[in-house]
Structures are given as C-alpha cells and as structure tokens.
Amino acid sequence: DQQVKQNSPSLSVQEGRISILNCDYTNSMFDYFLWYKKYPAEGPTFLISISSIKDKNEDGRFTVFLNKSAKHLSLHIVPSQPGDSAVYFCAASWGLQGDSWGKLQFGAGTQVVVTP
Amino acid sequence: SQTIHQWPATLVQPVGSPLSLECTVEGTSNPNLYWYRQAAGRGLQLLFYSVGIGQISSEVPQNLSASRPQDRQFILSSKKLLLSDSGFYLCAWSPGHYRQETQYFGPGTRLLVL
Chain R
66 DQQVKQNSPS LSVQEGRISI LNCDYTNSMF DYFLWYKKYP AEGPTFLISI SSIKDKNEDG
126 RFTVFLNKSA KHLSLHIVPS QPGDSAVYFC AASWGLQGDS WGKLQFGAGT QVVVTP
Chain G
38 SQTIHQWPAT LVQPVGSPLS LECTVEGTSN PNLYWYRQAA GRGLQLLFYS VGIGQISSEV
98 PQNLSASRPQ DRQFILSSKK LLLSDSGFYL CAWSPGHYRQ ETQYFGPGTR LLVL
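The listed protein sequences correspond, in order, to chains R and G. Sequential numbering of the first sequence, starting at 66, is according to our numbering. Sequential numbering of the second sequence, starting at 38, is according to our numbering.
What the hints contain is simulated information worked out from the structure, not anything from laboratory work. A couple of the hints might just be wrong.
To be verified - The list that follows gives simulated cross-link-like pairs (lysine-lysine, DSSO-like), each with its CA atoms no further than 30 Å apart:
#1 R:K168 - R:K70
#2 R:K133 - R:K121
#3 R:K119 - R:K70
#4 R:K70 - G:K116
#5 R:K133 - R:K168
#6 G:K116 - R:K168
Note that the coordinates shown come from a computational prediction; the quantities given were computed from them, not determined experimentally.
Model the full assembly from the supplied sequences, consistent with the hints where possible.
Dropping the structure here:
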C-alpha cells in the first residue's frame, strides 16, 4: 500500500526557472514530512522538512508547502540550477510510540533535469 | 559532526552465496539505525530498523537479516543470496531522541547478484 505518492516520475525545467515537485499522501496520521535529493550511486541527502503544525518552511532556494486538508505537499526550487538535476524523494512519518516511531514512508521519486 | 560509513561500495556475488554489509556511525551515541533497499527505478523500501543494541525490527519478510552488535554498528546479512536481492542498499541513522526526526543516509552499497 503506497501511502506516499509522487505521481510525476520526471520533470524538466530551464535553468533559472522554478521547479515544482508534488507529493500526495493518504495516511492522515503523518505529521512530519521531508524532502531528499539523490544523485546516482549515492545516498539521499536531506534537503528540507516541515512539521504538520506549519504550512510553509523555507531554506534558501528551497520552500516546502503543506496542505493538510488536501494531503498534499510540494517542493519549490527557485531559481533552478544545473546542479539541482537529481532524483527527489518525498517522505513522511508519524510520531506514535512503539513500532511506528521515527519510520519514514518514501515516495517513488521524481527525476529533475535542469537544462541550460 | 556525525558521519555514516558503509562498505563495500560495490559487490558482485553469485546466487546462493552469503552476504554481509556493514554500516557504522560516528559522532553520536545510541542512534536509531535503518537499512533500506532501492530497487532499480523504485523508491526506498525500509528493511530493518534498530533502536538499540540487539534490538532489530523487520519490515519485510525475506531472506535477509540484520544485527546490531555494537551501539553504532549495523550489519545486513544473508545466508543465501537470491537474484531478487540485487539493488542499492542504504543505511541511515537518526538521533532517536525525538518524535519527529530526520534520517541521514550513508553512501550506499550496490549489490549485483548473478
């Protein structure tokens, strides 16, 4: 059961423009959301996170928006740079104690290509 | 600062052979540790996680096992590899103190079973 979905497998954007990556989730218990960036043959690198008590978090060129009613979050990258070309994973967790504590559910990823 | 190491970086093994992948974390104590697998073109699947020495929880039934013999060491093993075990294996850690935590990943091990 895929609880975190990234429905766009790929995204192509021109350098300098905005990249918008989308992520949908089905489990209303999720209360912490993260975005990771991954280059081929490397481990994912943490980019930015947001708690469910917020609807926006910004860090430099990266902004994450959370719409809890729609169970949707998005990552905006402005401006896009060639080094941003990578696979981006959305992840979510819920903070119950016991078995669920700290575990992340990942989406399938979106391949971003930034063209000059 | 904290660092996480995995080895080997790449491994080619015949079907039926044993497997041992190692992960170590530096610069922290009593972290939560995780093993993930990424199959080609797929997302990350959680295989095992550990909240302390000797404490292992399995997420997916399979022919793999995990052990945590020391606080900052996490080992992924198999007695007999299958072709379907091929993939990119990632170890991750989180502080283990808070309800909402970021996980930090190692560089990964690419396993090819022939």
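Tell me, in ascending order, the numbers of any earlier hints that this structure violates.
The structure breaks only hint 4.
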